[in-house]
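Using the sequences and the accompanying hints, generate a full structural model.
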Amino acid sequence: MEKSRAKSALKFVKSASQSAASWSSSSSSGSRGMTKDEALKDRLCDKAKTSQKPCAKENTKPQDFKLHTQQRAVKRAIFNYEVATKLYITERQKRQEERLQKMIEDEEIRLLRKEMIPRAQLMPFFDRPFFPQRSNRPLTVPREPSLSFRMMSNKCSDCMLPSSEYSLVFNRTVKL
Numbered sequence: 001m002e003k004s005r006a007k008s009a010l011k012f013v014k015s016a017s018q019s020a021a022s023w024s025s026s027s028s029s030g031s032r033g034m035t036k037d038e039a040l041k042d043r044l045c046d047k048a049k050t051s052q053k054p055c056a057k058e059n060t061k062p063q064d065f066k067l068h069t070q071q072r073a074v075k076r077a078i079f080n081y082e083v084a085t086k087l088y089i090t091e092r093q094k095r096q097e098e099r100l101q102k103m104i105e106d107e108e109i110r111l112l113r114k115e116m117i118p119r120a121q122l123m124p125f126f127d128r129p130f131f132p133q134r135s136n137r138p139l140t141v142p143r144e145p146s147l148s149f150r151m152m153s154n155k156c157s158d159c160m161l162p163s164s165e166y167s168l169v170f171n172r173t174v175k176l
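Residue numbers 1 to 176, in full-length UniProt numbering, belong to the letters of the sequence shown in order.
Worth flagging that the hints you see were computed from the coordinates, not collected in a lab.
A portion of the hints provided could be inaccurate.
Pairs of lysine to aspartate or glutamate, EDC-like flavour, derived with a Cα cap of 20 Å [stated by the list, open to error]:
1) K94 <-> D106
2) K86 <-> E98
3) K75 <-> E91
4) K94 <-> E105
5) K57 <-> D42
6) K102 <-> E91
What follows is the structure, encoded as structure tokens:
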């Protein structure tokens with residue numbers, strides 16, 4: 001249905017444009033004072049002038065072009081190389097640190113083993129008797145613990161005993 005309407009519309013447009021062209025050519029020829037034959041000759045001359053080809057141009061050379069994919073591939077290759085070198089360097093440093101750490105641990109183990117070797121102690125001198133020296137430090141003065149002060153100074157409600165229970169506990173400890 002659509003195709004038949006489109007075809008009929010095209011026919012109408014073609015017929016209208018042809019009639020308009022014939023009307024404009026007849027009006028233009030009448031206005032100049034030309035006959036139909038002269039107008040036809042003018043049109044043929046115009047067509048002949050337009051049909052003549054201009055002189056041939058030189059062949060154009062196509063320009064080389066670079067695809068963005070090629071540029072991107074180059075950048076990606078450079079990036080991959082940088083990442084690979086960075087990984088290689090970090091891995092090499094890690095191996096170097098592990099090697100140094102192992103050397104240090106081996107040296108420590110060697111020193112510990114060397115210290116663990118039992119050595120003979122010197123023979124004590126029995127020809128000189130041992131006389132203990134009196135200490136220069138002052139003697140310790142005993143003090144009574146202040147339990148009541150500690151319990152009251154505590155802010156914790158769980159640690160504080162009610163006064164009646166506290167007095168019972170305190171009396172028992174004092175009497176004992």
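Taking the hints in turn, this is what the structure says about them:
no., hint, result
1, K94 <-> D106, "18 Å, holds"
2, K86 <-> E98, "18 Å, holds"
3, K75 <-> E91, "24 Å, violated"
4, K94 <-> E105, "16 Å, holds"
5, K57 <-> D42, "29 Å, violated"
6, K102 <-> E91, "16 Å, holds"
Checked against the numbered hints above, the structure breaks hints 3 and 5 and satisfies the rest.
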